[in-house]
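Asker: Dock the two chains into a complex; use the hints.
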Amino acid sequence: KQEVTQIPAALSVPEGENLVLNCSFTDSAIYNLQWFRQDPGKGLTSLLLIQSSQREQTSGRLNASLDKSSGRSTLYIAASQPGDSATYLCAVLNSGYSTLTFGKGTMLLVSP
Amino acid sequence: GAGVSQSPRYKVAKRGQDVALRCDPISGHVSLFWYQQALGQGPEFLTYFQNEAQLDKSGLPSDRFFAERPEGSVSTLKIQRTQQEDSAVYLCASSLDHRDYSSYNSPLHFGNGTRLTVT
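If you're matching them up, the sequences are chains A and B in order.
For the first sequence, position 100 (counting from the first letter as 1) is numbered 100 according to my numbering, and the numbering increases by one without interruption.
For the second sequence, position 105 (counting from the first letter as 1) is numbered 105 according to my numbering, and the numbering increases by one without interruption.
Isolated chain B, as found in the complex (with noise of 0.2 Å):
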């Protein structure tokens, strides 16, 4: 695709369910990043995939995040147990590669986001 794809757009879950949250990155990006933005802040880095590599997990707030690659393309981001606490917008990003220095200043593309809101 032209860019990268983030869905679904709009989530509202009520406290204690469960969603999954899916990003199509830009084809042929290798690195994939997962960031959390709360209404007002700047985005907060939850966690960074080579490829199907999870490399970067530092970010997770609590084991109730959990996210995948398993192709190394589409990656899902899946909250278990949502609280109120989880409402944000989760942006996903995606660069052509960013293994080590010399590609640190490949742009990041990011998607649209998905504002999700826990009631």
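Here chain A stands alone, though its shape is the one from the complex (with noise of 0.2 Å):
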């Protein structure tokens, strides 16, 4: 069974720092690996989303990075700022399933 993990669990950062979130997952068979953000009382939006065959994905100050074949990705987000405040969740598409595996995701917070 797929298992997907995130670390931390909670990173209170400055406004203006550079951050790395990290996942990992146990089974390597992946079709691909997604990031979503959630605020407190809403439903996730979608991130980022990097296909098995491909090793990064960038949108505006967002860099994941997947590494297939050791099980992890980072998320880099740059010059945080506090409307970063969220949580972020990685989840990933095993081949052959049709649905996602979610961590339990870093809540993180960015202050002015």
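Simulated from the structure, these hints should not be mistaken for lab results.
Predicted model only: the values in this text are computed from it and were never measured.
Hints are not guaranteed to be accurate.
[Said to hold, decoys possible] As a list, the in silico SDA-like pairs of lysine to any residue whose alpha-carbon atoms are at most 20 Å apart:
hint : chain 1 : residue 1 : chain 2 : residue 2
1    : A       : Lys1      : B       : Asn51
2    : A       : Lys42     : B       : Pro8
3    : B       : Lys78     : B       : Gly16
4    : B       : Lys57     : B       : Gly40
5    : A       : Lys42     : B       : Phe65
[Said to hold, decoys possible] Okay, the calculated bits of chain A under chain B, using three or more residues with CB under 8 Å as the criterion:
hint : stretch
6    : 18 to 25
7    : 72 to 78
We put the CB at the ideal spot given by N, CA and C, even for glycine.
Answerer: As structure tokens, then:
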């Protein structure tokens, strides 16, 4: 059974810092990996999707990397802003399945 | 509509009551998913529809949980004889098409969820 782990569980940084969120998964037979953002009381917003054949994806200040063989992904946030404060969730789609397996998330707080 | 709509936003039920949670997916989206998110946890898969067909219900925790999508658009998740461990946020997501590998990279759009509290 696929297991997804996110480290750290919570992170607090001052505005302007660059930061890295980590995600690891136990079964490397994935089809893709996605990073989501969840604001309190809200649903999930897709940030980046990396296909298994890709190494990274970028969107604005966000960069996600994927090392499928080692079962790891990182989400890099450059020049963090208070508006980035949210919970960030990593999810993988296993080959042969149609459903996502999520980690527990990293709760990020960026203080002004 | 512009996004996935879920109702009600909040539901408080007494233990033993039945509840029904509604999801209106984005118009034209073929695939629909239900997830359960307990406090401090990531979402966990419950069930998946392709149009009106329920293709995967392996995540439903017990036979008290039932989902339907009779006309291939609106979906209802029903929980019978609710118990305290059912307290969670129930998230609905839809995507344009998720039927095979060629479409697995189509993004999922999530609703804001229904927060169910069983007392």
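Asker: Now, for every hint given, state plainly whether the structure supports it.
Answerer: A quick look at each hint next to the structure:
| no. | hint | result |
| --- | --- | --- |
| 1 | A:Lys1 - B:Asn51 | violated (27 Å) |
| 2 | A:Lys42 - B:Pro8 | holds (13 Å) |
| 3 | B:Lys78 - B:Gly16 | holds (13 Å) |
| 4 | B:Lys57 - B:Gly40 | violated (24 Å) |
| 5 | A:Lys42 - B:Phe65 | violated (23 Å) |
| 6 | 18 to 25 | violated (count 0) |
| 7 | 72 to 78 | violated (count 0) |
Hint check: violations occur at hints 1, 4, 5, 6 and 7; the rest are consistent with the structure.
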